[in-house]
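J.: Work out the full structure, taking the sequences as your base and the hints as a guide.
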Amino acid sequence: KAGVTQTPRYLIKTRGQQVTLSCSPISGHRSVSWYQQTPGQGLQFLFEYFSETQRNKGNFPGRFSGRQFSNSRSEMNVSTLELGDSALYLCASSRTGVGYTFGSGTRLTVV
Amino acid sequence: QQQVKQSPQSLIVQKGGIPIINCAYENTAFDYFPWYQQFPGKGPALLIAIRPDVSEKKEGRFTISFNKSAKQFSLHIMDSQPGDSATYFCAASLLQGAQKLVFGQGTRLTINP
Chain R
41 KAGVTQTPRY LIKTRGQQVT LSCSPISGHR SVSWYQQTPG QGLQFLFEYF SETQRNKGNF
101 PGRFSGRQFS NSRSEMNVST LELGDSALYL CASSRTGVGY TFGSGTRLTV V
Chain E
50 QQQVKQSPQS LIVQKGGIPI INCAYENTAF DYFPWYQQFP GKGPALLIAI RPDVSEKKEG
110 RFTISFNKSA KQFSLHIMDS QPGDSATYFC AASLLQGAQK LVFGQGTRLT INP
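Taken in sequence, the protein lines are chains R and E. Just so you know, we're using this note's numbering here: the first sequence kicks off at 41 and counts up by one. Just so you know, we're using this note's numbering here: the second sequence kicks off at 50 and counts up by one.
Think about it this way: if two alpha-carbon atoms lie no more than 35 Å apart in a straight line, the pair counts; the simulated DSBU-like pairs of lysine-lysine are: (1) E/Lys-54 x E/Lys-91; (2) R/Lys-97 x E/Lys-107; (3) R/Lys-97 x E/Lys-117.
Since the hints were made in silico from the structure, they are not lab data.
T.: See the structure below:
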């Protein structure tokens, strides 16, 4: 069965721009979470969606937003990019909200 | 109170040895403790998970030991192989509701042939 698919795999953006990352969860999975991974801060929770509703949000500024569609696919958006936003952004999905399967991530570089 | 502290930061073990990675948590409300394995260029993959009503859980060569009173849990890898070389993350969360995984800082494990 297909895993969690994240697109694009790599992205280079300029400071001040905005970016949209996409995540297709495993079929049948209704919970989608997003995490930011950096060498300094490790893995940090961004937000979690279940059936199109945001149920939990991490401690990130309002520039970070997300949404989930009726087919469970999810997008996250980062506006006004800063150099510190350079990171691996990981999407994870679960049928019930337990035992998440992660995608391979989108590597975002802000220059 | 949301932190999970993981040690050591890096670990080198000879093939066949038993690497042990330790984690400590603060929030006593946490009731789900998974371990993830991450290879370069890949996302973390769920290895094994435990709930606090169990003191030990084994899956293949991987064992979690859990000490609820000390608020600590650890991962043991039996008969370690070079293919086990990866970064390992412990995590903690609440089982009910919107699950937000709080991760440890990770342990880079190297198994020498």
